[in-house]
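Enquirer: Sequence order for the protein chains is A and B.
Quick note: the first sequence, position 63, residue 63 per the numbering used here, numbers continuous.
Quick note: the second sequence, position 38, residue 38 per the numbering used here, numbers continuous.
Just to be clear, a hint being listed does not mean it is correct.
Just so you know, same-sequence chains aren't split out, so a pair can sit in one copy or run between any two.
To be verified - DSSO-like cross-link-like pairs, simulated, lysine-lysine; straight-line CA separation at most 27 Å:
1) Lys142 with Lys24
2) Lys50 with Lys235
3) Lys225 with Lys142
4) Lys97 with Lys235
5) Lys5 with Lys31
6) Lys50 with Lys142
7) Lys109 with Lys209
8) Lys109 with Lys225
9) Lys216 with Lys50
10) Lys31 with Lys225
11) Lys225 with Lys50
12) Lys5 with Lys24
13) Lys235 with Lys75
14) Lys216 with Lys109
15) Lys75 with Lys142
16) Lys225 with Lys56
17) Lys209 with Lys75
18) Lys216 with Lys24
19) Lys142 with Lys5
20) Lys209 with Lys31
21) Lys75 with Lys225
22) Lys31 with Lys216
23) Lys31 with Lys235
In case anyone wonders, no lab produced these hints; they're calculated from the structure.
Protein chains: 2
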Amino acid sequence: MVNKKSCLVIMLNNYIDIDDRLEKLLTILEKNERYYAEDAVVHYSGDESKNLYVVKEGWFISYTDLYDGRRMVIKTHHPGDIIGFEGIYHEQPADLKSTTAGVLCPFSKQNLDEIFRCSPKLSALLFSISVREQIVATDRLKAVSRMGAQARLAYFLLDLIFRLRITNSSMTNEFHLPLTQTEIGDSIGLTNVSVSRAFSYLVGMQLVKRTNASIKLLDELSLMKLCDYEDRYTKMDTSWFPCD
Amino acid sequence: MVNKKSCLVIMLNNYIDIDDRLEKLLTILEKNERYYAEDAVVHYSGDESKNLYVVKEGWFISYTDLYDGRRMVIKTHHPGDIIGFEGIYHEQPADLKSTTAGVLCPFSKQNLDEIFRCSPKLSALLFSISVREQIVATDRLKAVSRMGAQARLAYFLLDLIFRLRITNSSMTNEFHLPLTQTEIGDSIGLTNVSVSRAFSYLVGMQLVKRTNASIKLLDELSLMKLCDYEDRYTKMDTSWFPCD
DNA sequence: CGCTTGTTTGACGCTAATCAATCGTTGTGG
DNA sequence: CCACAACGATTGATTAGCGTCAAACAAGCG
């Protein structure tokens with residue numbers, strides 16, 4: 001593994017200085033690797049949650065199936081993300097699968113314990129990240145509960161690109177979107193049909209361009225206005241974090 | 001303050017053993033008290049977020065106003081809750097106000113720092129609580145994005161009573177609900193009109209009884225079935241928590 | 001008593017769901 | 001290389017549920 005810096009370190013380094021000691025603490029999390037083909041199930045809801053995962057490569061989604069057969073996508077996961085905080089409960093509350101070929105680094109809850117014991121600073125950061133996810137979930141709720149189909153789709157696309165930019169600073173305004181319209185709809189409470197129509201609308205308004213599964217955001221400002229989008233990823237108050 | 005045990009300690013004690021040392025650490029958080037009349041604003045979104053709060057008495061709600069004048073209620077807060085984790089960002093992302101007369105104990109972010117430095121175990125618990133809030137937010141998203149008005153209202157009422165039971169073990173199946181139907185609607189993405197009709201439906205089905213602002217859940221099981229409700233509050237895996 | 005605030009009820013319209021047919025692309029096997 | 005199957009995207013017609021508007025009703029309060 002003569003590798004460039006791990007995505008996880010890049011991601012965390014956005015917020016606090018990851019020195020050698022912390023980096024060593026984190027490498028433990030990425031010691032093991034598991035490869036997944038496209039559309040492979042990682043775990044099912046109800047499974048015992050032994051592991052969390054760092055995403056090393058590829059896209060993954062967590063989702064739950066409703067009693068009536070419909071599906072709800074809870075979250076998409078990209079390189080640098082940590083999956084499975086929810087697993088601190090007894091069981092996995094959701095299914096997890098890949099939507100492209102990819103690599104995960106599984107690690108156990110006990111490794112978290114080590115972080116909490118050895119680094120108050122890193123603990124505070126993990127806590128902050130978890131809180132941020134809550135804020136993002138609230139934003140999504142706002143979009144889903146209060147906005148029309150076009151605005152919801154705009155929100156979805158913007159949130160994706162902002163998240164991808166965290167670990168990929170070379171990301172411009174174009175990205176590959178390896179999800180079906182049904183999966184997109186399951187993320188924002190729409191049917192595949194409505195997603196298709198909303199896409200047509202955004203394309204017609206010259207806000208978005210599509211070629212195959214590649215999405216280009218032509219006018220980010222207008223898109224942000226359309227759904228009242230606010231960036232939750234770049235700024236975080238770390239001033240109160242304890243030193244190690 | 002010749003007081004019974006603090007609500008915060010009761011709440012946290014559900015999950016880990018709060019010994020004298022930890023209790024002392026926590027009393028700092030409840031050192032100061034501030035009284036609020038009904039319908040008093042605690043802070044506005046955009047305010048500098050110096051403080052977090054422990055709810056000592058009364059109901060509070062956090063909310064944001066949309067550009068078109070509509071409002072969205074993010075969360076209701078009850079005695080024992082900690083408000084303001086979101087404030088670890090630079091600004092308050094939401095408004096906060098009381099819906100009854102109440103008492104808050106403000107404390108600063110620096111007090112959190114102390115907890116993270118002095119107690120890995122408590123850090124892990126706070127982290128877990130934050131993650132739980134995420135899971136709850138996901139459940140709410142499921143209800144709001146995928147269910148009809150009656151099911152959404154059922155979800156709202158059930159989630160309330162389950163949360164009230166955390167700190168009030170004498171809570172049966174009846175509780176006082178100090179919110180207008182507009183506020184309820186703003187919590188679950190409905191108009192006041194639809195909330196009214198959904199209430200009529202639940203009452204007609206003998207699932208709920210209303211007298212003034214008091215709500216009695218007559219048939220919790222049917223309500224849970226109606227909205228596929230799952231309790232997220234009573235079980236939590238604390239086995240991986242570090243010792244202090 | 002009259003004002004204010006919240007709830008209820010009815011009529012109507014709009015948005016997205018549903019149902020269904022068609023089109024396009026990809027991958028497979030003859 | 002072509003035929004066909006499988007899957008996803010698109011488009012159209014229809015429907016259902018909730019929003020909107022508006023009026024009536026109820027309860028508290030000065």
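Enquirer: Each hint should be assessed against the structure and marked as holding or not.
Expert: Each hint tested on the structure:
When the C-alpha separation of Lys142 and Lys24 is checked against a cutoff of 27 Å, the pair qualifies neither within a copy, at 39 Å, nor between copies, at 39 Å. For the homomeric pair Lys50 and Lys235, the shortest alpha-carbon distance between copies (16 Å) is at most 27 Å, but the shortest distance inside one copy (32 Å) is not. Taking the shortest alpha-carbon separations for Lys225 and Lys142, both the intra-copy value of 14 Å and the inter-copy value of 25 Å come in at or below 27 Å. With identical chains, the CA atoms of Lys97 and Lys235 are at most 27 Å apart between copies only, with a shortest distance of 26 Å across copies and 30 Å within one.
Taking CA atoms no more than 27 Å apart as the test, Lys5 paired with Lys31 passes inside one copy only; the shortest distance there is 14 Å, against 45 Å between copies. With identical chains, the CA atoms of Lys50 and Lys142 are at most 27 Å apart between copies only, with a shortest distance of 25 Å across copies and 33 Å within one. Taking the shortest Cα distances, Lys109 and Lys209 never come within 27 Å of each other, neither inside one copy (42 Å) nor across copies (44 Å). In the homo-oligomer, the alpha carbons of Lys109 and Lys225 never lie at most 27 Å apart, since the shortest distance is 41 Å inside one protomer and 32 Å across protomers.
Neither within a single protomer nor between protomers do Lys216 and Lys50 lie at most 27 Å apart by alpha-carbon distance, with minima of 38 Å and 39 Å respectively. Proximity of Lys31 to Lys225 under the C-alpha cut-off of 27 Å is found in neither arrangement, the shortest distances being 43 Å within a copy and 43 Å between copies. Neither within a single protomer nor between protomers do Lys225 and Lys50 lie at most 27 Å apart by alpha-carbon distance, with minima of 42 Å and 29 Å respectively. Within a single copy, Lys5 and Lys24 get their C-alpha atoms as close as 12 Å, which meets the 27 Å cut-off; across copies the closest is 42 Å, which misses it.
Proximity of Lys235 and Lys75 under a CA criterion of 27 Å is satisfied in both settings, with 21 Å inside one chain copy and 23 Å between copies. Taking CA atoms no more than 27 Å apart as the test, Lys216 paired with Lys109 passes in neither setting, with 38 Å inside one copy and 40 Å between copies. Both within a single protomer and between protomers do Lys75 and Lys142 lie at most 27 Å apart by alpha-carbon distance, with minima of 16 Å and 12 Å respectively. In this homomeric assembly, Lys225 and Lys56 never come within 27 Å of each other (Cα to Cα): the closest approach is 33 Å inside a single copy and 39 Å across copies.
Taking the shortest alpha-carbon separations for Lys209 and Lys75, only the intra-copy value of 24 Å comes in at or below 27 Å, while the best inter-copy value is 37 Å. In this homomeric assembly, Lys216 and Lys24 never come within 27 Å of each other (Cα to Cα): the closest approach is 38 Å inside a single copy and 55 Å across copies. Taking the shortest Cα distances, Lys142 and Lys5 never come within 27 Å of each other, neither inside one copy (36 Å) nor across copies (37 Å). Taking the closest pair of Cα atoms, Lys209 and Lys31 never come within 27 Å of each other, the shortest separation being 39 Å inside a single copy and 56 Å across copies.
Proximity of Lys75 and Lys225 under a CA criterion of 27 Å is satisfied in both settings, with 23 Å inside one chain copy and 25 Å between copies. Taking the shortest alpha-carbon separations for Lys31 and Lys216, neither the intra-copy value of 35 Å nor the inter-copy value of 53 Å comes in at or below 27 Å. Taking the shortest alpha-carbon separations for Lys31 and Lys235, neither the intra-copy value of 30 Å nor the inter-copy value of 31 Å comes in at or below 27 Å.
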